[in-house]
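Residue numbers (the working numbering), protein chains in the order written: chain A, 1 to 240; chain B, 1 to 221.
Calculated from the structure, these hints are not laboratory results. Glycine is no exception: its CB is placed at the ideal position from the N, C-alpha and C atoms. Careful: at least some of the hints might be erroneous.
As the list claims (entries may be wrong) - Computed cross-link-like contacts, DSSO-like style, restricted to lysine-lysine with a CA-CA straight-line distance of at most 30 Å: (1) A/154 with B/120; (2) B/220 with A/129; (3) B/220 with A/111.
Said to hold, decoys possible - These stretches of chain B come out as covered by chain A in the derived footprint (C-beta under 8 Å, 3 or more residues): (4) 124 to 133; (5) 142 to 156.
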Amino acid sequence: MLRLEKVSKQYAGLQVVDKVSLDIPPASIFGIIGRSGAGKSTLLRLLNLLEKPDSGAVYLGERRVDTLSGRELLLERRKMGMIFQNFNLFSSRNAADNIAYPLEIAGLSRKQIDLRVSELLELVQISDKRRARLRELSGGQKQRVAIARALAAKPQVLFCDEATSALDPQTTRSILTLIKNLQKFLQITVIVVTHQMEVIRAICSRVAVLEDGRLVESGAVASVFAKPKSSAALELLHAA
Amino acid sequence: MPLDLHEILSLLPQATLETIYMTFVSTALACLLGLPLGVYLFVTSPAGLRPRRVVYNIISRLVNLFRSFPFIILMILLMPLSRLLIHTSIGPAAVIIPLSIGAAPFVARVVEAALAEVDKGCLLAAQAMGSTDWQIIRKALLPEALPALVSGLALTTITIIGYTAMAGAIGGGGLGDLAIRFGYYRFRQDITLAAVIAILILVELVQLAGVLLSRGLLAKR
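Please model the complete structure; the sequences and the hints are all you need to start from.
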């Protein structure tokens, strides 16, 4: 679904991502784990096309996407949804209008938008919060709004950037369950970036371990957990 | 101190109306010039959507240059422009042009500061969702910054009220003109005092309106 080929990125002389090759299979939940500073965020920005690699290539499906620019680049970005640690919702909009944003920028009519927003609210099980202001929502409810917004334009890929790191354990479980169910139901590709081993264990089928900008290990979650080969994976396992 | 209430009451309403007229038209025009400039400054700033160091530095310096210019001098310099555009350089209508141009850089900075306060996370989200720059500005940046922009608008209006008083020194009309012509040249402190009170009331009203409106917008979130 998404493929990185020897992708590198430097910031101010620092090699943040170093020749990373990654093949993320479609319709699965793929985990990317690493300690803070391992290059996770940058790798994510390369995958969701907010950043261009210094070298290497990024493919979405069969199409090379890192060389796109202008309108074409925007249209590729619209095929990907993203949720964040701090939700990053628009405080000037209520729940429904936040979910409507990607539909507005895609140019749908008001009627189409209302219809789709109702579907989405139901999908994330907060139909009763349609007109709620953001400050009336709990963290878990906000993340549900964010998930609905990310899925609004029917993306092929959903990125979760430390999406449960700001939530309590119980809410984390309910959000992870929701993501897992949505992935099965919609058959989309989900990419989970986290420093929490529990998150990987709970929902991912495959995992890649990052350390100092390099990919040190990747494979099925069960095998990486059973026989970690890299010191980074070992350390993350012990921390969990 | 002389006190002629009858005379004060015959002069004050006209002068107050002139000040209000100058203030509101100038504020509207200053915003028309300053808002796009402020948005452009934010967008090209180092933390903006499209950082462009050279362009940002040039505009930023120009804005600072205009702002550090003593307003009264700027007004005199811009008088020929008024003559060109509305064929007079005296009276409330004539000073609107220097007032608007003089206040525009101030508005630009106020707007830039208001936009810089917007949560970077939600701009990142808008970018990741494939928004065009214009969509981000119109649908995310400006609505998110609205309460701060309203406070900024009140601040701008108050600054312009101050400027209109200065415009009185060069025959601009309004309360400043009244205070200078009667109070200063004819030693009528009672009229100066009346003009000052009227200006204070105007400033307080604008301040109050700004605070209430901004608070009202925040309460809706």
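Review point. For the stretch 124 to 133 of chain B, does the count of residues with a C-beta closer than 8 Å to a C-beta of chain A reach 3?
Key: holds (count 9)
Check your understanding: residue 154 of chain A and residue 120 of chain B: Cα distance at most 30 Å?
Key -> Holds - the C-alpha atoms of residue 120 of chain B and residue 154 of chain A are around 25 Å apart, at most 30 Å.
**Study point:** Straight-line alpha-carbon gap residue 220 of chain B to residue 129 of chain A, limit 30 Å
**Key:** 16 Å, holds
Check your understanding: Per the coverage rule (Cβ-Cβ under 8 Å, at least three residues), is the stretch 142 to 156 of chain B covered by chain A?
Key -> With 3 residues close enough to chain A, the hint holds.
Practice item. Mind checking the alpha carbons of residue 220 of chain B and residue 111 of chain A for me, to see if they're no more than 30 Å apart? Key: 25 Å, holds
Going through the hint list in order, the structure satisfies each hint without exception.
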